[in-house]
Amino acid sequence: MSADSLEVENLHLWRGERHVLRGVGFVLSAGQCLKVTGANGAGKTSLLRTLAGLMYPEDGSVRWRGVDARADLRTFQGSLAYLGHEPPLKADLTARENLHYWIGGRRRVDGAALASALARVGAESFADRLVRTLSAGQRRRVALAGLALCIVPLWLLDEPATNLDAEGQALVGTLIAEQLARGGLAVAAVHHELPVEPAQVRSLELSL
Amino acid sequence: MNFTWFHRLGSPPYTYALARRLTPWFAWPAALLILAGLWGGLVLAPPDYQQGDGFRIIYVHAPSAWMSLMVYTSMAVAAAVGLIWRIKVAHAAAASCAPIGASFTVAALVTGSLWGQPMWGTYWQWDPRLTSELVLLFLYLGYMGLRAGIEDTQRADRASALLAVVGVINVPIIHYSVTWWNSLHQAPSVMRLAKPTMAASMLVPLLMMLLGFTLLFAALLLVRLRAEILTRERTSSWIREALRA
Amino acid sequence: MREFLDMGGYAAFVWPAYAVTFAVIGLNIFWARRALAHARRSALRRLESGNAPP
Amino acid sequence: MATAGAYTQAAAAVPVSALEAVSLALRRDLTLAFRKPAQLLQPLAFFALVTMLFPLAISPELSQLRAVAPGALWAAALLASLLALEFLFRDDALDGTLEQYALSGQSLTALLCAKTLAHWLLTGLPLACMAPFAALALGAPSAALSGIVASVLLGSITLSLIGSIGAALTLNIKRSSALLSLLTLPLSLPVLIFGARATQVAISGGALIAPLELLAALAVLALTLAPLAAAAAVRISLE
Numbered sequence: 000m001s002a003d004s005l006e007v008e009n010l011h012l013w014r015g016e017r018h019v020l021r022g023v024g025f026v027l028s029a030g031q032c033l034k035v036t037g038a039n040g041a042g043k044t045s046l047l048r049t050l051a052g053l054m055y056p057e058d059g060s061v062r063w064r065g066v067d068a069r070a071d072l073r074t075f076q077g078s079l080a081y082l083g084h085e086p087p088l089k090a091d092l093t094a095r096e097n098l099h100y101w102i103g104g105r106r107r108v109d110g111a112a113l114a115s116a117l118a119r120v121g122a123e124s125f126a127d128r129l130v131r132t133l134s135a136g137q138r139r140r141v142a143l144a145g146l147a148l149c150i151v152p153l154w155l156l157d158e159p160a161t162n163l164d165a166e167g168q169a170l171v172g173t174l175i176a177e178q179l180a181r182g183g184l185a186v187a188a189v190h191h192e193l194p195v196e197p198a199q200v201r202s203l204e205l206s207l
Numbered sequence: 000m001n002f003t004w005f006h007r008l009g010s011p012p013y014t015y016a017l018a019r020r021l022t023p024w025f026a027w028p029a030a031l032l033i034l035a036g037l038w039g040g041l042v043l044a045p046p047d048y049q050q051g052d053g054f055r056i057i058y059v060h061a062p063s064a065w066m067s068l069m070v071y072t073s074m075a076v077a078a079a080v081g082l083i084w085r086i087k088v089a090h091a092a093a094a095s096c097a098p099i100g101a102s103f104t105v106a107a108l109v110t111g112s113l114w115g116q117p118m119w120g121t122y123w124q125w126d127p128r129l130t131s132e133l134v135l136l137f138l139y140l141g142y143m144g145l146r147a148g149i150e151d152t153q154r155a156d157r158a159s160a161l162l163a164v165v166g167v168i169n170v171p172i173i174h175y176s177v178t179w180w181n182s183l184h185q186a187p188s189v190m191r192l193a194k195p196t197m198a199a200s201m202l203v204p205l206l207m208m209l210l211g212f213t214l215l216f217a218a219l220l221l222v223r224l225r226a227e228i229l230t231r232e233r234t235s236s237w238i239r240e241a242l243r244a
Numbered sequence: 000m001r002e003f004l005d006m007g008g009y010a011a012f013v014w015p016a017y018a019v020t021f022a023v024i025g026l027n028i029f030w031a032r033r034a035l036a037h038a039r040r041s042a043l044r045r046l047e048s049g050n051a052p053p
Numbered sequence: 000m001a002t003a004g005a006y007t008q009a010a011a012a013v014p015v016s017a018l019e020a021v022s023l024a025l026r027r028d029l030t031l032a033f034r035k036p037a038q039l040l041q042p043l044a045f046f047a048l049v050t051m052l053f054p055l056a057i058s059p060e061l062s063q064l065r066a067v068a069p070g071a072l073w074a075a076a077l078l079a080s081l082l083a084l085e086f087l088f089r090d091d092a093l094d095g096t097l098e099q100y101a102l103s104g105q106s107l108t109a110l111l112c113a114k115t116l117a118h119w120l121l122t123g124l125p126l127a128c129m130a131p132f133a134a135l136a137l138g139a140p141s142a143a144l145s146g147i148v149a150s151v152l153l154g155s156i157t158l159s160l161i162g163s164i165g166a167a168l169t170l171n172i173k174r175s176s177a178l179l180s181l182l183t184l185p186l187s188l189p190v191l192i193f194g195a196r197a198t199q200v201a202i203s204g205g206a207l208i209a210p211l212e213l214l215a216a217l218a219v220l221a222l223t224l225a226p227l228a229a230a231a232a233v234r235i236s237l238e
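Here the protein sequences come in this chain order: A, B, C and D. In terms of numbering that gives the first Met the number 0, the first sequence has 93 at position 94, counting the first letter as 1, and numbering is strictly consecutive. In terms of numbering that gives the first Met the number 0, the second sequence has 3 at position 4, counting the first letter as 1, and numbering is strictly consecutive. In terms of numbering that gives the first Met the number 0, the third sequence has 25 at position 26, counting the first letter as 1, and numbering is strictly consecutive. In terms of numbering that gives the first Met the number 0, the fourth sequence has 125 at position 126, counting the first letter as 1, and numbering is strictly consecutive.
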């Protein structure tokens, strides 16, 4: 089996009249993190969604383990975790239920694992409250608990540290560091510094 | 098998130039056939022994009804090609079809009801063909509504293409169920000229009209296709040349 | 000629039917040409404004 | 350097079978629906209300109402299920759940099937349970009720499935309810025709089997094709 790697070549994406991605390319191998920066509207979210296979670029390719990701999209998508800039949580379910249904659809997960993930992100005090009653930062923490349970080789994170306090931002760094230490990859769109060991971080700046 | 022609058709500059060159080859024969069919249908064909001169509406009603169905089918085929192979030109063709088809569906409905008045004694009869035609009009309107509702061209292309394919699968089911429904209620079905016994002098103008309308559709499609390609295309070098020409 | 225009008493139905159909044909030709002219104009504008990518 | 194999060993996360994922999706939707019972009642109240309009608009004479009962019943059922369609994917699209479904590595078709099944359990099934009362109010004899329930049960499956395509296509269109009806109603006509016919036969006491078979055929056809189309439509809407 070839090593986990994400090779992106010459991505061009159009949204209506806008040329959003203009020849984006990078190579990322196991244990590396790509930090994507750029002004609002520079296409950070579009890049992540294109990498995830949600958007279809007009040109260019995304290769996973040396094979075009589109060749077997479902398997590729099963080996990635995507966290959009809104936490994918249902307002009318509790934090714990949300994780149960969200992560449970991807992997086996028992109550103990859920509890420890929630404890890890400091969410045990509000784990059984409806998400609609949680603050933006608390929701983000619940989403991070979900991410911590996504043991998959590729993480695609859109502004993972928004709405978080300093401690929460450090937590994002720890989670990414763990993912890299496992031999995983991460692509994170951020507008401030990622609290991750600089040696493992590569950078990509998107311009307007 | 050699699919080069298929890939070349997928290339906008090639299709644009081809459409431009082909248009007169469809437009003029269409005009000639329609004029000849008009002369044959209005002047040369004898009055029907039952319907008198009223039957002459068939020379515009039947071609319009044929257009409404043929255009929908063409649209669905183009849409499916665009959806499966992600060919922009095919989506452009599908988008060009809808207004043409919808307008001829309206023509078929109006001429049908104008034919109905002298034959049935009422402008509207829930006859299976007219009813199916009405449903078809709603399918066209839905397609155009969906297309207009989505701002992003690519997404509009793909969403409406899916709708066209779903619609074309449903058309025979709808037609069958409407016919079945109609047979239960025994409504009169008058719009049935005795086809096999139709005299050649009546039939030939009809065939000319059918062919003429089909060629007219091709010509209209080619012109609209060029417009759609121009609005979609982003590589400007060939556009500059195409516009200069 | 009058006989022809009278259409055996069906003039009130035959002629409107033909009129509607040929109006639809005429409108289609007009719309198609207008769409093309419009697309050409906006493509030219895009080229001139230099907004279009190479 | 870590390889794919190394990652898998470290992970040891047990994957989920498609069936488990589907049942989880189903349970999620049911749980959510019962947290908002008012939303569940709306289509039913609407159905009752529309049924009530007919006696008021036509005549209180049961014998007259009986003649229009099949049409009234099915038009009301069609409109009620249309009303409920708007909730089918809307919330999931807004909060990112659909995105996660599409990226879950499970078959999106199967997951959407689960969602549509949940939708049918919450709207089609209650409609079928209410149909006999509406039919009685419109003058149907009590012998006809079982046939009416059967026809609404079968027909509403198809309505939910066709509706799922329309709902998926209009996902990110603002104020889409009129468009949703324009897309869905023409496709639903066969259900209306066969369903009303079955109801009519049930009321007049004829042989029900033929129209019910036609309804079942439609349901099978919709069951095989609609989830594929809905999944494709959701993917297009997420693009």
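These are computed hints drawn from the structure, not numbers from a lab. The model shown is predicted, which means the values in this text are computed figures rather than measured ones. The beta-carbon is built from N, C-alpha and C at its ideal position, and this holds for glycine as well. A portion of the hints provided could be inaccurate.
Stated by the list, open to error - Listed next, with one range per pair, are the computed distances between beta-carbon atoms:
#: 1; chain 1: D; residue 1: Phe-33; chain 2: A; residue 2: Ala-114; range: 18 to 26 Å
#: 2; chain 1: D; residue 1: Arg-26; chain 2: A; residue 2: Gly-121; range: 56 to 64 Å
#: 3; chain 1: C; residue 1: Phe-29; chain 2: B; residue 2: Ser-182; range: 51 to 59 Å
#: 4; chain 1: A; residue 1: Ala-112; chain 2: D; residue 2: Leu-18; range: 18 to 26 Å
#: 5; chain 1: D; residue 1: Gln-38; chain 2: A; residue 2: Gly-121; range: 27 to 35 Å
To be verified - If you want the ones that stay clear, here's a sample from chain A, every Cβ over 10 Å from chain B, calculated:
#: 6; residue: Leu-27
#: 7; residue: Asp-71
#: 8; residue: Gln-199
Results for each hint:
1. D/Phe-33 with A/Ala-114: 18 to 26 Å: 25 Å, holds
2. D/Arg-26 with A/Gly-121: 56 to 64 Å: 28 Å, violated
3. C/Phe-29 with B/Ser-182: 51 to 59 Å: Distance hint for C/Phe-29, B/Ser-182 is violated at roughly 41 Å.
4. A/Ala-112 with D/Leu-18: 18 to 26 Å: 21 Å, holds
5. D/Gln-38 with A/Gly-121: 27 to 35 Å: At 33 Å between Cβs, range holds.
6. Leu-27: 26 Å, holds
7. Asp-71: Non-interface label on A/Asp-71 holds, nearest chain B Cβ at 18 Å vs cutoff 10 Å.
8. Gln-199: Non-interface label stands for A/Gln-199: nearest chain B Cβ at 36 Å, farther than 10 Å.
Figure legend: structure checked against the earlier numbered hints; hints not met, in rising order: 2 and 3.
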